[in-house]
Amino acid sequence: MRKPDVEERDGANRADGTSSSWKGGKLYKFERDMLAGAVMGGVVHTVVAPIERVKLLLQTQEGNAALLSASGSGVHRKRFKGFVDCVARTVREEGFISLWRGNGTGVLRYYPSVALNFSLKDLYRSILKGSESSKTYSQWSSVAATNFLAGAGAGCTTLVIIYPLDIAHTRLAADVGHTGSRQFKGITHFLQTIYQKDGIRGVYRGLPASLHGMVVHRGLYFGGFDTVKDTVISEEAPLWQRWVTAQVVTSTAGFVSYPLDTVRRRMMMQSGLQTPVYSGTLDCWRKIYKMEGIGSFYRGAMSNLFRSTGAAAILVLYDEVKKFMNWGGL
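Throughout the sequence shown, residue numbering follows UniProt numbering, covering 1 to 330 in sequence.
Hint data in this document are derived by calculation from the structure and do not stem from the laboratory. None of these values were measured; they are calculated from a predicted model. Just so you know, not all the hints are guaranteed correct.
For lysine-lysine, the following BS3-like pairs were computed, each having C-alpha atoms within a straight-line distance of at most 25 Å [claimed, not checked]: (1) K287 / K81; (2) K290 / K81; (3) K197 / K185; (4) K185 / K78; (5) K290 / K78; (6) K287 / K78.
Quick list of the computed label-pair ranges, beta carbon to beta carbon [stated by the list, open to error]: (7) E292 / Q241: 37 to 43 Å; (8) Q192 / V84: 34 to 40 Å; (9) G199 / Y298: 31 to 37 Å.
For glycine and all other residues, C-beta sits at the position ideal for the given N, C-alpha and C.
Throw the hints in and build the complete structure from the sequences for me.
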């Protein structure tokens with residue numbers, strides 16, 4: 001029989017009337033989870049940053065003005081044919097270091113994103129589990145539903161908080177060319193330019209589409225892994241087994257939600273345009289399908305599969321960091 005985890009023990013204590021200590025424990029655990037999430041976020045993102053940029057270039061190229069029109073030097077830039085072509089051309093035309101373009105903004109976004117996602121997921125999970133009877137929660141369907149809702153809720157909450165950094169990361173990574181010909185000089189220049197043209201609405205362009213994708217992706221990403229941990233593998237399972245599980249869950253979540261991610265990235269590329277290509281999220285879905293075909297929704301998906309290795313590592317490393325913090329008395 002599986003031993004009760006921390007949230008279940010907290011729920012038992014709360015039933016005994018120790019509500020004040022429960023609240024204090026949850027607050028401390030929330031802060032500790034944020035620290036654990038932030039510890040490895042920036043490092044992992046830096047490692048996978050080149051794959052992330054290639055994925056964004058492939059995903060947004062049909063709506064990227066810099067790729068579809070003449071550049072500052074008057075040379076027409078052709079569309080990328082695939083992952084290898086994108087990497088080769090980017091290195092040849094912009095230099096090897098350009099594969100990390102936008103990584104600074106990405107790290108600024110990733111630290112709070114990972115920290116908030118994991119800590120809020122655990123917090124929401126504790127609240128949802130505490131509101132159910134132990135008998136109900138023992139059922140697999142209830143476990144999965146609770147974990148899915150906790151993951152989706154954490155993803156949406158975090159996205160709203162960090163969205164300006166998210167859209168800035170996308171636009172800077174998708175900006176092509178050498179320093180003098182690029183559209184934006186950095187995150188500050190991007191935010192100032194978009195705010196002057198479109199106001200606060202431009203900074204939050206694509207948020208509704210992003211929330212749709214976040215419900216699916218984070219719900220499956222966090223919910224799937226936590227459900228497997230709760231029902232299939234034990235906490236003492238070898239690290240490689242947990243990593244394989246995380247890789248399967250991460251790849252599945254990324255593949256299922258990828259069309260939603262493509263639409264949200266396309267909507268982000270609309271900020272600052274005098275004549276937007278899409279009038280809204282539904283119009284974006286319709287035009288991509290009608291003009292480019294269903295395959296365009298999955299453009300860059302192979303890059304995302306490679307990138308999922310880092311996301312899977314974060315799921316496993318998060319638990320390992322928490323174990324280390326427990327061992328250290330934090």
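Hint check results:
Distance hint between K287 and K81 is fulfilled; the C-alpha atoms sit about 21 Å from each other, no more than 25 Å. For the proposed pair K290 and K81, the alpha carbon gap of about 20 Å is at most 25 Å, so the pair holds. In summary, the hint linking K197 to K185 is supported, as the alpha carbons are separated by about 16 Å, within the 25 Å threshold. A C-alpha spacing of about 23 Å is found between K185 and K78, which places the hinted pair at or below 25 Å, so the restraint holds.
Distance restraint check for K290 and K78: the Cα-Cα separation of roughly 22 Å lies within the 25 Å cut-off, and the hinted pair is therefore satisfied. Distance check on the hinted pair: K287 and K78 sit about 21 Å apart at the alpha-carbon level, within 25 Å; holds. In this structure, E292 and Q241 meet the distance hint of 37 to 43 Å, their C-beta atoms being roughly 40 Å apart. Roughly 36 Å separates the CB atoms of Q192 and V84, a value that falls within the hinted 34 to 40 Å.
Taking the beta carbon of each, G199 and Y298 are about 33 Å apart, inside 31 to 37 Å as hinted.
Hint violations for this structure: none, all hints satisfied.
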